[in-house]
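**Student:** The lines below spell out each chain.
2 protein chains.
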Amino acid sequence: MLDYPALAAVAEIIRSGSFEGAAAALRVTPSAISQRVRALEDRMGTVLIDRGPPVAATAQGLRLAAHLDQVRLLESGLALSQDRPVLRLAVNADSLASWAMPALAAAPGLLDLTIDDQDHALDWLKGGRVVAALTSDSRAVTGCDSLRLGILRYRAVASPGFVARHFPNGVTAESLALAPSLCFDAKDALQTRWVQALTGRRVVLPMHRIPTAHGFAAAARLGIGWGMNPEPMIRDDLDGGRLIDLAPGLPLDVPLFWQFSRITAPALAPLTQAIMKAARAALLP
Amino acid sequence: MLDYPALAAVAEIIRSGSFEGAAAALRVTPSAISQRVRALEDRMGTVLIDRGPPVAATAQGLRLAAHLDQVRLLESGLALSQDRPVLRLAVNADSLASWAMPALAAAPGLLDLTIDDQDHALDWLKGGRVVAALTSDSRAVTGCDSLRLGILRYRAVASPGFVARHFPNGVTAESLALAPSLCFDAKDALQTRWVQALTGRRVVLPMHRIPTAHGFAAAARLGIGWGMNPEPMIRDDLDGGRLIDLAPGLPLDVPLFWQFSRITAPALAPLTQAIMKAARAALLP
Numbered sequence: 001m002l003d004y005p006a007l008a009a010v011a012e013i014i015r016s017g018s019f020e021g022a023a024a025a026l027r028v029t030p031s032a033i034s035q036r037v038r039a040l041e042d043r044m045g046t047v048l049i050d051r052g053p054p055v056a057a058t059a060q061g062l063r064l065a066a067h068l069d070q071v072r073l074l075e076s077g078l079a080l081s082q083d084r085p086v087l088r089l090a091v092n093a094d095s096l097a098s099w100a101m102p103a104l105a106a107a108p109g110l111l112d113l114t115i116d117d118q119d120h121a122l123d124w125l126k127g128g129r130v131v132a133a134l135t136s137d138s139r140a141v142t143g144c145d146s147l148r149l150g151i152l153r154y155r156a157v158a159s160p161g162f163v164a165r166h167f168p169n170g171v172t173a174e175s176l177a178l179a180p181s182l183c184f185d186a187k188d189a190l191q192t193r194w195v196q197a198l199t200g201r202r203v204v205l206p207m208h209r210i211p212t213a214h215g216f217a218a219a220a221r222l223g224i225g226w227g228m229n230p231e232p233m234i235r236d237d238l239d240g241g242r243l244i245d246l247a248p249g250l251p252l253d254v255p256l257f258w259q260f261s262r263i264t265a266p267a268l269a270p271l272t273q274a275i276m277k278a279a280r281a282a283l284l285p
Numbered sequence: 001m002l003d004y005p006a007l008a009a010v011a012e013i014i015r016s017g018s019f020e021g022a023a024a025a026l027r028v029t030p031s032a033i034s035q036r037v038r039a040l041e042d043r044m045g046t047v048l049i050d051r052g053p054p055v056a057a058t059a060q061g062l063r064l065a066a067h068l069d070q071v072r073l074l075e076s077g078l079a080l081s082q083d084r085p086v087l088r089l090a091v092n093a094d095s096l097a098s099w100a101m102p103a104l105a106a107a108p109g110l111l112d113l114t115i116d117d118q119d120h121a122l123d124w125l126k127g128g129r130v131v132a133a134l135t136s137d138s139r140a141v142t143g144c145d146s147l148r149l150g151i152l153r154y155r156a157v158a159s160p161g162f163v164a165r166h167f168p169n170g171v172t173a174e175s176l177a178l179a180p181s182l183c184f185d186a187k188d189a190l191q192t193r194w195v196q197a198l199t200g201r202r203v204v205l206p207m208h209r210i211p212t213a214h215g216f217a218a219a220a221r222l223g224i225g226w227g228m229n230p231e232p233m234i235r236d237d238l239d240g241g242r243l244i245d246l247a248p249g250l251p252l253d254v255p256l257f258w259q260f261s262r263i264t265a266p267a268l269a270p271l272t273q274a275i276m277k278a279a280r281a282a283l284l285p
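Chains X and Y, in that order, are what the protein sequence lines are.
Under full-length UniProt numbering, read the first sequence as residues 1 to 285, first letter to last.
Under full-length UniProt numbering, read the second sequence as residues 1 to 285, first letter to last.
Careful: at least some of the hints might be erroneous.
Unchecked claim - Just so you have them, the derived chain Y footprint on chain X, three or more residues with Cβ under 8 Å: (1) 96-106; (2) 121-133; (3) 241-252.
Said to hold, decoys possible - Short derived list, chain X residues pointing at chain Y, Cβ under 8 Å: (4) A23; (5) A25; (6) R63; (7) V71; (8) R84; (9) L110; (10) L113; (11) D117; (12) A177; (13) P180; (14) L198; (15) T199.
Unchecked claim - Derived DEER-like restraints, expressed as beta-carbon distance ranges: (16) X/D50 / Y/A140: 38 to 44 Å; (17) Y/A281 / X/M44: 33 to 39 Å; (18) Y/L252 / X/L2: 47 to 53 Å; (19) Y/A32 / X/A177: 18 to 24 Å; (20) X/A164 / Y/S31: 38 to 44 Å; (21) Y/K126 / X/D3: 50 to 56 Å; (22) Y/G143 / X/T46: 38 to 44 Å.
Just so you know, the hints here were simulated from the structure itself, not pulled from any lab data.
Positions of the beta carbon are idealized from the N, C-alpha and C atoms, including for glycine.
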């Protein structure tokens, strides 16, 4: 059996960023924290905390902290434990910004959200760094269940002024090659995919990079660029004429999935139900 | 003199994530891209692109790409160049969410924003990875000018239901030790600082981690936790009674700075002026 008080020390050091912070949280002395960690490291034959500065977890330390969270989550299902479990979740930015936040209020514990940059969510799930992921990635992960939540529909939008300036003769491969587009990050291929669907060509787009969902939508409203926005986030702007749909007949549909570790599924059930319910209300089937 | 066409190839590979993407963007063949990069690597005696998979920049490759951006930015000041310069900026999340986005529309080129997690903005500025940073960090950076923009005022807020449930007898060190708080990320010390100012004690707070500015404010509105929110983001919620100020006499004031590389200052001038103007309107002096 692992030494759980020592694991708790490691987890608190990671959480608070210092031995003193962990000592305060666990109501012991910093030297007690230090001893516990060293004893655990000796026993496991590996360094768990890089003493820095800055103090930081090693990959092994992170894995143990995530394991402790899972054990606490399982304990919470026994209704015997005093500790509030921490739920490490990966969530894709557009879902968090447009429909998922109210459902997360049903989480049985403290939320620890990481913004899913798509490529990483499933790796985190595999490695045990998160217990569940709200993601557009449908690949199966060993030991995890996957529920299809529905479709988040994206629309290519820009401000009226932007359309008048950059697309006076329509949205074509030629005008798109010159008009600044928006992208969320280097992995955001939605704009390029949509342009290919529209024009049948791969067009190299001039791009602003705006790595927050609300900043991205605001940049479209301000006429900084055109971009693919989730319909629930911009419906009012379309209705109010602040944004124009560049091709109403050509949305881009992105299916979303809730993937979660099977072992913690019973403890996660209230959250899973809330996510399913919110998805039914907000997403397309 | 550096081989700038080769540098452009390196920068496009980093931007697009592939040799093919770079070839398409620069309208040459992938093998021409490959040759240029190899020749530059041979000349510099260092690897610039890790061929992967996935294809990624080395630290040296990133440095060269950032240098190219700066040269393009300088060229844009000559009004001779056809290339749209890329402006790599670090911006703190709360400023982006609350007041800074309209000012960024004045940027003379394509925006490439990185969310400043405070600790890193100045390192990025020092290393040349960004040309300017909107940050709460006031330390001086060699080769950079720093303008004080004003104060972003934070208020400790929660929903009426949350206040009734967790603070029926007032906001005290004891009730704060049990009531779930919100934090943005591991480095967000605003809640702890405010609690210390209020109670005179260091209290270990149970924390939800919500790493987006709008998600953070939404979590407060939904009664998930209490947290420090920028006043410009939640003024309507306070006026409308959706959020309650836990201690109206005790806001937390965070001064903000615009730090930018002196060499690119003339090219950045329109953006600097727009930032200063927006800050005067939105921030406290």
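**Student:** Does each hint fit the structure? Answer for all of them.
**Tutor:** Status of each hint after checking the structure:
no. : hint                       : verdict
1   : 96-106                     : holds (count 6)
2   : 121-133                    : violated (count 0)
3   : 241-252                    : violated (count 0)
4   : A23                        : 10 Å, violated
5   : A25                        : 4 Å, holds
6   : R63                        : 17 Å, violated
7   : V71                        : 18 Å, violated
8   : R84                        : 6 Å, holds
9   : L110                       : 5 Å, holds
10  : L113                       : 6 Å, holds
11  : D117                       : 12 Å, violated
12  : A177                       : 10 Å, violated
13  : P180                       : 6 Å, holds
14  : L198                       : 17 Å, violated
15  : T199                       : 14 Å, violated
16  : X/D50 / Y/A140: 38 to 44 Å : 29 Å, violated
17  : Y/A281 / X/M44: 33 to 39 Å : 56 Å, violated
18  : Y/L252 / X/L2: 47 to 53 Å  : 40 Å, violated
19  : Y/A32 / X/A177: 18 to 24 Å : 20 Å, holds
20  : X/A164 / Y/S31: 38 to 44 Å : 42 Å, holds
21  : Y/K126 / X/D3: 50 to 56 Å  : 41 Å, violated
22  : Y/G143 / X/T46: 38 to 44 Å : 41 Å, holds
In this structure, the hints that do not hold are numbers 2, 3, 4, 6, 7, 11, 12, 14, 15, 16, 17, 18, 21, in rising order.
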